[in-house]
Structure formats: structure tokens, C-alpha cells
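Novice: Chain residues, written in single-letter form:
Number of protein chains: 2
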Amino acid sequence: MPIFTVLGAGAMGAALCKPLIESGWEVHLWGTWLDDHLLDAIEAGQPHPRINVEAAPGIKTFRSDQLAQALEGADVVDIAVTSGGLPKVTEMALDHIGGVKALCLTSKGFWTDPDGRIRLLPEAIRSIAADKGVDLPPLVAIGGPVKANECGAGEVTATTYASKDYPTAEELARDVATDTYGVRPSDDETGVELCAALKNVFAIALGIADGLGESTGVPRHNLKAASFAQAIREMSLLVARVGGNPETPYGLAGVGDLEVTGLSGRNKVYGVRLGKGEKPDEALAEMDRLEQTVEGYPAAPLAVEFAHQAGATEEDLPLLHTVARILAGGVDDVYGAVAAAVKPMRP
Amino acid sequence: MPIFTVLGAGAMGAALCKPLIESGWEVHLWGTWLDDHLLDAIEAGQPHPRINVEAAPGIKTFRSDQLAQALEGADVVDIAVTSGGLPKVTEMALDHIGGVKALCLTSKGFWTDPDGRIRLLPEAIRSIAADKGVDLPPLVAIGGPVKANECGAGEVTATTYASKDYPTAEELARDVATDTYGVRPSDDETGVELCAALKNVFAIALGIADGLGESTGVPRHNLKAASFAQAIREMSLLVARVGGNPETPYGLAGVGDLEVTGLSGRNKVYGVRLGKGEKPDEALAEMDRLEQTVEGYPAAPLAVEFAHQAGATEEDLPLLHTVARILAGGVDDVYGAVAAAVKPMRP
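In the order they appear, the protein sequences are chains A and B.
To convert, note that position 276 of the first sequence is 276 in full-length UniProt numbering; the numbers rise steadily by one, no gaps.
To convert, note that position 122 of the second sequence is 122 in full-length UniProt numbering; the numbers rise steadily by one, no gaps.
It should be emphasised that the hints constitute simulated quantities derived from the structure, not laboratory data.
Treat the numbers as computed from the prediction; the structure is a model and nothing was measured.
Using N, Cα and C, we set each Cβ at its ideal position, and we do this for glycine too.
Here are some chain B residues the structure puts well away from chain A; computed CB gaps all over 12 Å:
no.: 1; residue: L67
no.: 2; residue: D113
no.: 3; residue: G277
no.: 4; residue: Q309
no.: 5; residue: E315
no.: 6; residue: R325
25 Å max Cα-Cα, derived DMTMM-like pairs, lysine to aspartate or glutamate:
no.: 7; chain 1: B; residue 1: K88; chain 2: B; residue 2: D36
no.: 8; chain 1: A; residue 1: K276; chain 2: B; residue 2: D179
no.: 9; chain 1: A; residue 1: K101; chain 2: A; residue 2: D175
no.: 10; chain 1: B; residue 1: K88; chain 2: B; residue 2: D131
no.: 11; chain 1: B; residue 1: K276; chain 2: A; residue 2: D179
Looking from chain A toward chain B, a few residues come up when the C-beta cut is under 7 Å (computed):
no.: 12; residue: K147
no.: 13; residue: Y250
no.: 14; residue: V255
no.: 15; residue: G256
no.: 16; residue: E259
no.: 17; residue: A339
In isolation and in its complexed conformation, chain A is listed as follows (with noise of 0.2 Å):
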């Protein structure tokens, strides 16, 4: 039986083991020091704290100082720790990776190399290998609608799982896929890696007009739309001008993640707030106060600098922009401010 070991037990590595184990693999979930608990819960056969599910049936554990029995003889790898621990996560995790022959990504974000350029992940484990000499297997970027709750509880859920080898991705996509987990292959990984980094922060687009609604008592449905489709036209220019495929964000990675992404969530639900007249530092502080982590709001900056850096300009990504001008507090008429980037001047 083939061995697929997941880094991370927070909620979309837990998640994730559900199709791995009725797809047929041995699961070996790993914790890093801050998921005890997590593991805990597991073992006892109790629900996952974040997901509110049970873990599937068969799925081994192996504790933070197991890292290297949690990779023993490992066929295929996920990391799927936050953002932040990805690159010391990544360091440990590359001395035991000979045999593997390809290394999924499910977190999601950016990171910043140490020459202060923003990067999207793929390149932070590719940069930390070349440091250490180590050659990689090839990265799978794995994207799409995906709520953790749902996956793990074997719902119906359809993803993407991009690499730039791609016989690797498509190999990968038919050994996972069950009747409820269906998996589209892509040749993107940048795309894929992109649309995901970025739909948080137009998820909180999204909730500003759901917001502008509940606060008036007239739904802003026109503007959500529009504001909708300008964030796909967005992915798509970035995408592009960082060497992915304008086309990716057409489909699971990016219409069907912000779609998922503006339906609940963190981010939208900060939207709503900013929406409703909240200034966004206060806003921010009360869902802090609710251990409610807006992924959105520290990446929005770190967006418009990854867009100036590829040279795409606020006349290119208006929506962007404004996002990031809001949550700096700079913008005292919301509505007007997302009605003029939404605003189709340009055809």
C-alpha cells in the first residue's frame, strides 16, 4: 500500500486524509509542536477541534519529534501547515524526503524571499532546497473550492492539483480521486498558486458589499457581482503577468475558491464588518478578540507589492487596490470607493 504522509493536522490537513484513506493509501498524519491537541482529539476518536469531524478510520499519527518515522518510506507528501511554519516546516521535512516522488502543497500564501521580494510558496521550497542541496521531487499545488469541513467529512468536493510535471499531476489526480473527491489536473502551478494567495483578500470585497446590504436593508447583489467578476479578471491579468495561464483562474482555482470563499469564511465575514461601517483596525481587533484569523488583511499588501513587483499597475488591478486602501483606513466612502473600481470604463 502506498504511503501518503500529510505535514500539519489543522483542519485542511485532517481534512484531506479523509480521500486519501478511501482512495486506498496509508495515511500518515503528522503534527508539528503546536498540534497536539489536535492529534489528541484524533487518537481519541473524537472530532477534529476545527473541523468538527471525526478523522477517517486508519490514519496513523506521529507526534512533532516523529518527523522522520512520519516520512519513513513516504511515496507522496502534503504540507499543509500555515503559511508562516511552511518554511521551517520545509527545512526539517527535506531530510527525509529521497524517495518521494511528489511533494503537494495545500498551504497557501505568500512569502518573503530574504531579499525582501514577494513570493508565492512553491518558490520557498525551492529556495530553501537549493540552500540545503537537496533535489526536489516535483511540487504539486493543490487548489480549489475546498472547504476543510466538508472534504473531511466526505462531501462532495472538486479540486485541482497543479504541477508543472504535469504526467505527475495527473498520475496523482487518478490515484486520489474517490466517488465524492474529484481532482482536475493542471499543468499551473503558479496560476493555481496565485488565485488561491489572492482570493482572501477579494473575498473581503465581496463581504463589503454583502455588508452594504445587511447595514441598509437594500442587498447590493449588483455590486457583489460585479465586484465578483472584476477579482476573476484581476487573477487572471496577475496571473498572466507572473507566467501562469490567464485561463486558470476560469475555473476551479479561481471561480469555483472565491465562490466557496465568498459563500462563508474568515474573510467575508471581516468584509461584512467594513461593510457595515466597522473602520478595519476595529474591526480587525474584534475578530482577533473571537480568534478569528482574517488571512486577508495581512495579504493584502503583500499582494500589491507582488502585482508592482511583476508590473502590473492600480490601473490593472483597481479592485485590488481598494482592498488594500480600505484596510489601511484610508478610504472613507467604501461603497464609493468599490463602485469605482468595479466600474467597466475600459473594455
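Following the hints, position chain B against chain A.
Specialist: Coordinates of chain B only, in the frame set by chain A:
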């Protein structure tokens, strides 16, 4: 002052008058023989009964027997009647459009031509004009995410104007835009019309996912998002098949319009009923009783036939076919059927 005549005083016709007045047109609103009560309300300064918004001040109203007067001196005309009423109104109007520079179309749907083939509405207009020996001005298809009540209230709205004669679309887009009504010109009449005709069918699929979630208490957001992405994929494939631009569904006309249709509207509500386990015919009867027309219901088999004519198979368009089968009453396991349709088996 140039004259813009809108034919049909229903929700969309009345709503369109708002940006037209604000962008400086003399607006003539003609009501059909079914619209007298709507014109009564507008003339009395009361809210329009269908959208609960007062008409923009300055509109000139015309009764059904005043079509010639409504069209006298018109520079631009928009047909905004139901798809069923379009052939008759077109035939009547074509006698009076000698000086018109653009003939717009907010009516949407399919048309069965005299040979029994399924066509888009501009083909109905062209066919009727050919029969009458009338030269048509450029046609302009108006699409995108426009809820009439929001547009009529002057809320932010982004739309697209598409014409095979692109300069006409571009000029008109500039001439009707306001601070809150943004217009993106396009040269893809076919794509815009087909997206609009298909979206009500796909909105039923989005409603089904919502209904499955409501009935079980477990959201089906992954399914809804996968259905959304699959709907856009199928729109793009079919648009390309009939000579349109496959990218049109990725913008306001597809992604935008499906988003707004999936947020609310009767097709989505009907889908929710199906997701909760109601039988298609019983749910439709109940919607009829509430005077809620479900446009996607009759459109589904027409869309399937339209696709068949274009050589697109069930394998190309699994979600469209699945919704049509569900509506025809042939599916017991709605969740399983939609899941199978959105599972990305093929790259």
C-alpha cells in the same frame, strides 16, 4: 436631446430608464397591452409594482396603442418584453425604426424558429426583419449581472453591451454610462445572449446545493462552488461551439450574471426546493401558485436541444443535462446526480 425608447414597462425596462435619464437621454417608455397597470403606477408617481422603486423623473410613458409615437424620432430602441412577447412586439416595432441607430435587447431566452430549431433571440429579430424586408440597425445585446430593482434604484451596477458592430457597442456604452451604471462593450453578441439564456438553468443547480445544505444542516458549499465552476466551463464550451468567444462567460455576462442569479431569484429558490427533496413538478406547481415564474424550467430542455443542434454532447455538458433530467423528474438521487456531473474526471 437624443431619444431612447424602451419597449416593455416590466421590471427590466423600467429599471433601465434610470441610468438612461441620468445619462441625459429623452426616455420614452412604451408599455404592452399587459402593462397598463405598471404605467398607471409610474404616471401616479408610485413605486413600480414589480421592483418597488419609483421611476426616474422625466420618463415619457406611452400606452400600447401609442407605439408609433413612442418610436417617433428615436435614436436608440431597447426591446425589454418577455421572450414570448418578443416576436409580436418586434414585428410591430419594425415599421417605425427607420431612423434608429441601434436596436438593443434586454429580453433574454431561446426562440423556436418556424422550422423547429432552437435559436437565440437576436435571430428571431433578424428573421422577422428579413420576412418584412426591413433593414435592421446594429443589434446590441445587453447582459451581465443586473437585478432590476437595484439598477432602477440607482445602485451600483456593471453590465455589458455586445454588438457584432463593435463601434456601436462602444459608443453606446459611453453614452449610457453614469457614475453608478458602468458598461463594458463587447463584440460577442452570441456569447452574451447564450450566457443569459443558460444562466437560469444553472442557477437551479446552485439552488439545489443550497437546498441540500438547508435540509441536512450541513452546508454543501464545496458542491455549490464546484457547480458554479462547472457551469461556467459548460457555458464557455457551448458559446465556442456556436461561434461566440469562449472567454465571454468568464466576465460579467457569465461569472457576473451567474453570481447574481445564484444569490437570489426564483430559479435559485426553485432549486432550493429540489435540493430539499420536493418533486420537480410539485415544486413548480407551488411556485406557480405563488406567481413565481421559474424561467429555467422551460429553458432547460430548450438548452439541451440547442446544445444538441450545435453538436455538443452530454459528455461535454454533464451539468446542463443533469439539471434537465432532474427537472424532467427522472432522478431520484439529486445529490448523487449533481455530484457526478461536477466531478472533474477529465483534464
